[in-house]
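Trainee: Which chain is which? The protein sequence lines are L and Y, in order.
Quick note: the first sequence uses this note's numbering, first residue 1, plus one each step.
Quick note: the second sequence uses this note's numbering, first residue 1, plus one each step.
What the hints contain is simulated information worked out from the structure, not anything from laboratory work.
Predicted model only: the values in this text are computed from it and were never measured.
If you want the ones that stay clear, here's a sample from chain L, every Cβ over 12 Å from chain Y, calculated:
#	residue
1	20
2	56
3	66
4	79
Label-pair restraints from in silico Cβ distances:
#	chain 1	residue 1	chain 2	residue 2	range
5	L	66	Y	78	36 to 46 Å
6	Y	84	L	17	39 to 49 Å
7	L	15	Y	84	32 to 42 Å
8	L	84	Y	27	23 to 33 Å
9	L	15	Y	18	40 to 50 Å
10	L	16	Y	18	48 to 58 Å
11	L	52	Y	87	37 to 47 Å
12	Y	3	L	58	21 to 31 Å
13	L	114	Y	96	31 to 41 Å
Glycine included, each C-beta is placed from N, C-alpha and C at the ideal position.
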Amino acid sequence: AQSVTQLDSQVPVFEEAPVELRCNYSSSVSVYLFWYVQYPNQGLQLLLKYLSGSTLVESINGFEAEFNKSQTSFHLRKPSVHISDTAEYFCAVTLNSGGYQKVTFGTGTKLQVIP
Amino acid sequence: GAGVSQSPRYKVAKRGQDVALRCDPISGHVSLFWYQQALGQGPEFLTYFQNEAQLDKSGLPSDRFFAERPEGSVSTLKIQRTQQEDSAVYLCASSLIGLAGGEQFFGPGTRLTVL
Numbered sequence: 001a002q003s004v005t006q007l008d009s010q011v012p013v014f015e016e017a018p019v020e021l022r023c024n025y026s027s028s029v030s031v032y033l034f035w036y037v038q039y040p041n042q043g044l045q046l047l048l049k050y051l052s053g054s055t056l057v058e059s060i061n062g063f064e065a066e067f068n069k070s071q072t073s074f075h076l077r078k079p080s081v082h083i084s085d086t087a088e089y090f091c092a093v094t095l096n097s098g099g100y101q102k103v104t105f106g107t108g109t110k111l112q113v114i115p
Numbered sequence: 001g002a003g004v005s006q007s008p009r010y011k012v013a014k015r016g017q018d019v020a021l022r023c024d025p026i027s028g029h030v031s032l033f034w035y036q037q038a039l040g041q042g043p044e045f046l047t048y049f050q051n052e053a054q055l056d057k058s059g060l061p062s063d064r065f066f067a068e069r070p071e072g073s074v075s076t077l078k079i080q081r082t083q084q085e086d087s088a089v090y091l092c093a094s095s096l097i098g099l100a101g102g103e104q105f106f107g108p109g110t111r112l113t114v115l
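Make the full structure from the sequences, and use the hints.
Mentor: In structure tokens, the structure reads:
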């Protein structure tokens with residue numbers, strides 16, 4: 001079975017500063033990896049995902065994440081955050097085995113952008 | 001088009017009462033998922049439907065939890081004889097297809113409080 005660890009429950013950062021939200025996973029087989037974002041009073045939305053190919057994936061709003069198989073990590077980064085990035089971010093993993101596969105979520109990291 | 005909707009958004013129940021939570025997925029989405037999100041935790045998988053078939057109910061915590069999707073669209077999660085530990089946000093998500101790696105679209109959730 002797979003598992004996800006997000007060690008940081010809260011990350012405060014000043015506006016326009018860089019940020020990294022950490023995600024590590026555990027699985028004995030290949031995986032797909034996701035970052036979901038939950039803005040206040042809204043449902044979770046997919047931010048970006050790694051399925052195969054380039055290990056660096058990007059979102060439309062400037063976030064990027066890099067799949068590192070040797071370190072079993074999929075950290076989320078942004079070089080300059082905005083107030084509007086304040087939200088909770090969830091890392092998730094599923095097995096790369098085709099068909100239906102259960103998705104396992106981390107406990108989430110609350111990003112607080114300080115003006 | 002409309003996203004995933006859930007009703008009610010908030011539900012307060014006395015311990016021992018039965019509750020029913022509704023999910024309207026995106027039209028045409030084959031797959032439907034229910035998750036339970038306790039305070040400070042990530043979503044935990046409850047059950048999965050492909051059309052009207054419930055293919056995975058391994059996450060349902062007890063036989064007091066029951067889910068159905070009789071016509072392959074709207075789904076209802078029923079909790080019988082609610083207990084305080086059932087207090088959580090219940091999330092519904094739908095996906096066009098159920099393959100691993102597919103994006104799940106989440107509803108806003110129903111916050112259940114059991115007194």
